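Enquirer: First residue of the sequence shown? That's 1 in the working numbering, and the numbers climb one at a time after it.
The set of hints was computed from the structure by calculation and includes no laboratory data. Quick caveat, the model's predicted, so the values are computed rather than measured. Using N, Cα and C, we set each Cβ at its ideal position, and we do this for glycine too. Be aware that one or more of the hints could be misleading.
[As the list claims (entries may be wrong)] Derived CB-CB ranges, DEER-like:
hint: 1; residue 1: 120; residue 2: 162; range: 30 to 40 Å
hint: 2; residue 1: 48; residue 2: 133; range: 38 to 48 Å
hint: 3; residue 1: 95; residue 2: 222; range: 22 to 32 Å
hint: 4; residue 1: 91; residue 2: 202; range: 39 to 49 Å
hint: 5; residue 1: 84; residue 2: 56; range: 32 to 42 Å
hint: 6; residue 1: 202; residue 2: 103; range: 35 to 45 Å
hint: 7; residue 1: 56; residue 2: 83; range: 34 to 44 Å
hint: 8; residue 1: 175; residue 2: 103; range: 30 to 40 Å
hint: 9; residue 1: 134; residue 2: 167; range: 10 to 20 Å
hint: 10; residue 1: 206; residue 2: 90; range: 34 to 44 Å
hint: 11; residue 1: 117; residue 2: 161; range: 37 to 47 Å
[Stated by the list, open to error] Under the rule of at most 25 Å between Cα atoms (straight-line distance), these lysine to any residue pairs were calculated in the SDA-like manner:
hint: 12; residue 1: 60; residue 2: 146
hint: 13; residue 1: 60; residue 2: 6
hint: 14; residue 1: 60; residue 2: 83
hint: 15; residue 1: 60; residue 2: 71
hint: 16; residue 1: 60; residue 2: 10
hint: 17; residue 1: 60; residue 2: 25
hint: 18; residue 1: 60; residue 2: 120
hint: 19; residue 1: 60; residue 2: 189
hint: 20; residue 1: 60; residue 2: 88
hint: 21; residue 1: 60; residue 2: 125
hint: 22; residue 1: 60; residue 2: 143
hint: 23; residue 1: 60; residue 2: 93
hint: 24; residue 1: 60; residue 2: 94
hint: 25; residue 1: 60; residue 2: 9
hint: 26; residue 1: 60; residue 2: 95
hint: 27; residue 1: 60; residue 2: 113
hint: 28; residue 1: 60; residue 2: 210
hint: 29; residue 1: 60; residue 2: 198
hint: 30; residue 1: 60; residue 2: 202
hint: 31; residue 1: 60; residue 2: 195
hint: 32; residue 1: 60; residue 2: 166
hint: 33; residue 1: 60; residue 2: 211
hint: 34; residue 1: 60; residue 2: 142
hint: 35; residue 1: 60; residue 2: 82
hint: 36; residue 1: 60; residue 2: 27
hint: 37; residue 1: 60; residue 2: 92
hint: 38; residue 1: 60; residue 2: 14
hint: 39; residue 1: 60; residue 2: 48
hint: 40; residue 1: 60; residue 2: 107
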Amino acid sequence: MTPAPLHLAGERLMLDPSGVVSWPARRSLIVSDLHLEKGSHFAARGFFVPPYDTRETLAKLALAVRRHGPSRLILLGDSFHDALGCQRMAPSDCAALTRILAAASEVVWVLGNHDPIAPVGLPGIAVNTFSDGPLTFRHEADPRAAGELSGHFHPKATLATRAGPVSRPCFATDARRVILPAFGAYTGGLDMRDPALGRLFPRGGRVFLLGPDRLYSVPLAPMRRRAESPA
1 MTPAPLHLAG ERLMLDPSGV VSWPARRSLI VSDLHLEKGS HFAARGFFVP
51 PYDTRETLAK LALAVRRHGP SRLILLGDSF HDALGCQRMA PSDCAALTRI
101 LAAASEVVWV LGNHDPIAPV GLPGIAVNTF SDGPLTFRHE ADPRAAGELS
151 GHFHPKATLA TRAGPVSRPC FATDARRVIL PAFGAYTGGL DMRDPALGRL
201 FPRGGRVFLL GPDRLYSVPL APMRRRAESP A
């Protein structure tokens with residue numbers, strides 16, 4: 001995979017096509033919105049979907065951890081789809097997650113709206129906001145913040161191709177922030193033209209669409225121009 005370098009608050013970050021961010025100077029790997037046990041959450045409510053989302057998400061996360069070899073893993077919230085998700089995990093999935101966490105000497109659970117309490121029985125610290133040097137990590141972006149990495153919105157964007165438009169999860173960036181795509185197997189996406197995302201990038205920025213082996217960079221127009229564009 002070919003990552004894309006990005007500078008934020010004077011720090012060099014690497015955006016990875018898998019949807020994670022590497023911070024080499026701190027040997028940190030940042031990932032958002034795993035939504036583990038989303039399938040079992042819906043199954044308990046009578047909506048039966050294949051129960052393989054946790055396994056697939058963990059396999060992808062394990063690969064990213066092996067490739068980057070971080071000493072610190074920062075999870076930007078909604079790591080579990082609900083507060084009891086950790087308790088519903090199959091023993092084999094719980095063991096797989098424990099192995100992933102053990103590969104890093106430090107684990108930071110940033111709490112989200114789906115998982116507002118710390119996971120039970122897993123290593124690491126749980127915080128609402130985490131800061132290191134000039135960078136701040138939280139689940140949902142604060143419009144006033146700078147040097148911020150967050151998730152929550154599951155951003156996606158559309159790229160025009162010869163075969164027609166292609167919609168993909170994406171990183172959304174400007175000089176103040178990076179919003180990560182959702183990493184979980186059963187997560188949808190919010191289009192970058194949505195006002196909820198537009199207010200965070202009023203002057204535009206850049207999106208990086210996820211491809212199999214590389215990222216596809218596209219300018220993000222200022223909010224007014226996006227509002228005037230046809231749907």
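Enquirer: Now tell me if each hint is right for this structure.
Expert: Status of each hint after checking the structure:
1. 120 - 162: 30 to 40 Å: violated (50 Å)
2. 48 - 133: 38 to 48 Å: holds (46 Å)
3. 95 - 222: 22 to 32 Å: Taking Cβ atoms as reference, residue 95 and residue 222 lie about 48 Å apart, which means the hint is violated.
4. 91 - 202: 39 to 49 Å: This hint holds: roughly 48 Å between Cβ atoms.
5. 84 - 56: 32 to 42 Å: violated (21 Å)
6. 202 - 103: 35 to 45 Å: holds (39 Å)
7. 56 - 83: 34 to 44 Å: About 22 Å separates the Cβ atoms of residue 56 and residue 83, which means 34 to 44 Å is violated.
8. 175 - 103: 30 to 40 Å: Since residue 175 and residue 103 have Cβ atoms about 33 Å apart, the given range 30 to 40 Å holds.
9. 134 - 167: 10 to 20 Å: Violated, since residue 134 and residue 167 (Cβ atoms, about 33 Å apart) do not stay within the stated range.
10. 206 - 90: 34 to 44 Å: holds (39 Å)
11. 117 - 161: 37 to 47 Å: holds (43 Å)
12. 60 - 146: At roughly 30 Å apart (the allowed maximum being 25 Å), residue 146 and residue 60 break the hint.
13. 60 - 6: holds (23 Å)
14. 60 - 83: holds (22 Å)
15. 60 - 71: holds (18 Å)
16. 60 - 10: violated (29 Å)
17. 60 - 25: holds (23 Å)
18. 60 - 120: Roughly 22 Å between the alpha carbons, so the hint for residue 60 and residue 120 holds.
19. 60 - 189: Between residue 60 and residue 189 the Cα gap is close to 18 Å, so the pair holds against 25 Å.
20. 60 - 88: Roughly 20 Å separates the two Cα atoms, so the pair holds.
21. 60 - 125: It holds: about 23 Å lies between the C-alpha atoms, which stays within 25 Å.
22. 60 - 143: Status violated; Cα separation ~31 Å.
23. 60 - 93: holds (13 Å)
24. 60 - 94: holds (15 Å)
25. 60 - 9: The given pair, whose Cα atoms are some 29 Å apart, is violated under the 25 Å limit.
26. 60 - 95: holds (15 Å)
27. 60 - 113: The given pair, whose Cα atoms are some 23 Å apart, holds under the 25 Å limit.
28. 60 - 210: holds (14 Å)
29. 60 - 198: Distance ~30 Å between residue 60 and residue 198 Cα, so the pair is violated.
30. 60 - 202: violated (33 Å)
31. 60 - 195: violated (31 Å)
32. 60 - 166: holds (22 Å)
33. 60 - 211: holds (15 Å)
34. 60 - 142: violated (29 Å)
35. 60 - 82: holds (21 Å)
36. 60 - 27: holds (19 Å)
37. 60 - 92: holds (15 Å)
38. 60 - 14: holds (18 Å)
39. 60 - 48: holds (23 Å)
40. 60 - 107: holds (18 Å)
In the structure shown, a violation is registered for the earlier hints numbered 1, 3, 5, 7, 9, 12, 16, 22, 25, 29, 30, 31 and 34, in ascending order.
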